[in-house]
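Construct the entire structure; sequences and hints are all you get.
Protein chains: 2
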Amino acid sequence: MRIPKHIGIIPDGNRRWALSKGYEKKDGYESGLPVGLELFKICKELGIKEITYYGFTVDNAKRPKEQRLAFTKACVDAVEMISKEDADLLVLGNDKSKVFPKELSPYTERRTFGNGGIKVNFLVNYSWEWDLGLSDKIPQPLKSSDVSRVDLVVRWGGRKRLSGFLPIQTVYSDFYFIDDYWPDFKKQHILDALEWYNHQDITLGG
Amino acid sequence: MRIPKHIGIIPDGNRRWALSKGYEKKDGYESGLPVGLELFKICKELGIKEITYYGFTVDNAKRPKEQRLAFTKACVDAVEMISKEDADLLVLGNDKSKVFPKELSPYTERRTFGNGGIKVNFLVNYSWEWDLGLSDKIPQPLKSSDVSRVDLVVRWGGRKRLSGFLPIQTVYSDFYFIDDYWPDFKKQHILDALEWYNHQDITLGG
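Residue numbers (my numbering), protein chains in the order written: chain A, 4 to 209; chain B, 4 to 209.
A hint or two may mislead.
It does not matter which identical chain is meant; a pair holds if it fits inside one copy or across any two.
Claimed, not checked - Simulated crosslink set (DSSO-like; lysine-lysine; CA at most 30 Å straight-line):
#, residue 1, residue 2
1, K24, K140
2, K76, K28
3, K47, K140
4, K8, K65
No wet-lab data here; the hints were simulated from the structure.
Right, here's the structure in full:
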């Protein structure tokens with residue numbers, strides 16, 4: 004089986020999941036944590052070399068404050084959780100903004116935790132405009148230059164779009180969309196995605 | 004019904020269509036021409052303001068010469084065909100390369116044909132690296148700065164990826180994928196895509 008080297012994860016649908024359970028929107032985010040760790044462990048076991056989680060974006064941070072605080076806390080908790088595993092961890096996003104959580108500043112350069120062995124990138128207060136530096140006066144490398152080409156993007160929550168996720172690394176990615184909300188993650192989702200990916204040809208535009 | 008302003012068209016599957024009919028790969032491209040015109044007319048009637056067709060890319064141009072000549076001719080024919088309609092037409096791509104067809108040089112600045120009224124962009128010898136100018140020494144606007152944000156990308160041929168199609172304009176696009184090969188285009192494909200799009204929420208990352 005041909006396993007992707009790098010999987011991009013768009014864990015969407017937390018708020019809709021919360022509403023469907025009778026909770027408030029803000030209460031959906033923490034429910035994504037255990038499944039995020041489960042996904043990490045599955046990927047590690049399968050020999051995937053790199054995972055990027057779409058945490059939150061500069062655009063997301065304009066949502067109501069109680070939601071922003073909730074998804075920020077979920078991201079901090081998620082990064083701290085992965086830091087207890089064997090991983091080469093990087094938090095990537097605009098850390099000069101006041102909405103970037105200070106707790107994550109120590110992670111903005113890649114560091115190995117435990118025995119490392121899998122690159123894990125967490126996009127936190129990320130924005131594609133920031134990444135590309137389209138408004139920078141002097142050309143400079145992508146802010147995400149330490150993030151590899153993404154082979155497979157998997158998005159939960161039924162929407163079929165990238166929503167600004169790493170536009171350069173995803174130019175040739177295959178996209179797999181799952182209707183279930185992210186907190187309803189099941190191992191079978193990722194196995195189905197990999198099975199599907201295994202049958203795609205890879206041309207890289209050629 | 005909420006109609007997208009700008010639709011991106013990835014007309015994939017020409018070679019597989021040709022093989023399925025017992026033709027040579029190179030013979031698939033011309034079959035995409037009449038359906039491309041049909042699609043243009045449908046979009047115009049529906050009030051869509053802009054269409055971008057993914058013609059061929061710098062990567063595609065590395066394919067065997069007989070294929071390159073065939074898809075280049077199909078692009079030239081397609082542009083000349085649209086130029087007989089009412090359209091504001093632009094051909095966008097690296098026109099300094101020797102594989103860029105000279106016949107299309109007059110179209111590399113947007114011009115109005117007939118009564119105009121719909122922007123039609125044709126990507127010919129396009130490349131996302133060229134568009135973004137990532138290797139340029141002085142920052143400059145996108146080469147595609149006259150191409151608007153794409154609301155909906157429709158891809159024929161069963162693959163679920165962008166293959167380098169306008170990475171900046173598609174950051175928030177919704178994606179609709181059709182298994183049929185492009186030469187098997189039917190009006191119902193685009194009606195189904197628009198019906199689906201009508202039920203998507205638009206958040207632009209918010």
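Structure-based check of all given hints:
{"no.": "1", "hint": "K24 x K140", "verdict": "neither (48 Å within a copy, 53 Å between copies)"}
{"no.": "2", "hint": "K76 x K28", "verdict": "within (14 Å within a copy, 54 Å between copies)"}
{"no.": "3", "hint": "K47 x K140", "verdict": "neither (40 Å within a copy, 40 Å between copies)"}
{"no.": "4", "hint": "K8 x K65", "verdict": "between (33 Å within a copy, 25 Å between copies)"}
In summary, the structure is inconsistent with hints 1, 3 from the numbered list given earlier, while agreeing with the others.
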